[in-house]
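Protein chains: 2
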Amino acid sequence: MYKAKIQITFKNGVLDPQGSAVKQALHHLGFVSVKDVRIGRLVEILISSQTPLDAENQIKQMCEQLLANPVIEEYRVLSLEEIE
Amino acid sequence: MYKAKIQITFKNGVLDPQGSAVKQALHHLGFVSVKDVRIGRLVEILISSQTPLDAENQIKQMCEQLLANPVIEEYRVLSLEEIE
Chain C
18 MYKAKIQITF KNGVLDPQGS AVKQALHHLG FVSVKDVRIG RLVEILISSQ TPLDAENQIK
78 QMCEQLLANP VIEEYRVLSL EEIE
Chain L
18 MYKAKIQITF KNGVLDPQGS AVKQALHHLG FVSVKDVRIG RLVEILISSQ TPLDAENQIK
78 QMCEQLLANP VIEEYRVLSL EEIE
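These protein sequence lines map, in sequence, to chains C and L. Counting in our numbering, the first sequence runs from 18 upward without gaps. Counting in our numbering, the second sequence runs from 18 upward without gaps.
Simulated from the structure, these hints should not be mistaken for laboratory data. Source: prediction; values computed, not measured. Glycine included, each C-beta is placed from N, C-alpha and C at the ideal position. Just so you know, not all the hints are guaranteed correct.
[Stated by the list, open to error] Under 7 Å between C-beta atoms, here's a sample of chain L residues computed to sit facing chain C:
#	residue
1	G57
2	E61
3	I62
4	L63
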């Protein structure tokens, strides 16, 4: 069994309305030193596989087929660890 | 100027409907070896501050006041780096 942690963020230059909204809210709370906020997703997947390489390949396919929108998002596998 | 990367995830035991929906979708795509999916948020904040300690304190306050719902979520500051 393997546990993967995947980071999915907007590509540079893509507008992040949620990030802008959070930035405004933080300013209203008095955190005026905040210059920019970007919000992405963190996906943790538990997957049974024979080898780490097979697990990683499946994870990449999942990102490309479903998890990340290739037009506006990019993904990065932050970690892939074997668990009991 | 400092850049913080914050991970916000559901506490253990809290139902993750989005994660369950993604797991089902992955199974439909043929990724039947997926056992569990948990989805969290990744917040990147750019903040101007005199010291790293001050930046970290402000980041923690932002998490506790706005970014993370203390009832069902937990946060972790993954990184805090000075940038030009």
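Results for each hint:
Evaluation of the L/G57 hint against chain C yields a held restraint, the C-beta minimum of about 4 Å falling below 7 Å. Because the smallest distance between the Cβ of L/E61 and any Cβ of chain C comes to about 4 Å, under 7 Å, the interface hint for this residue holds. Restraint check, L/I62 versus chain C: the minimum CB separation of about 5 Å is within 7 Å; hint holds. For L/L63, the suggested interface contact is upheld, since its CB lies about 4 Å from the closest CB of chain C, less than 7 Å.
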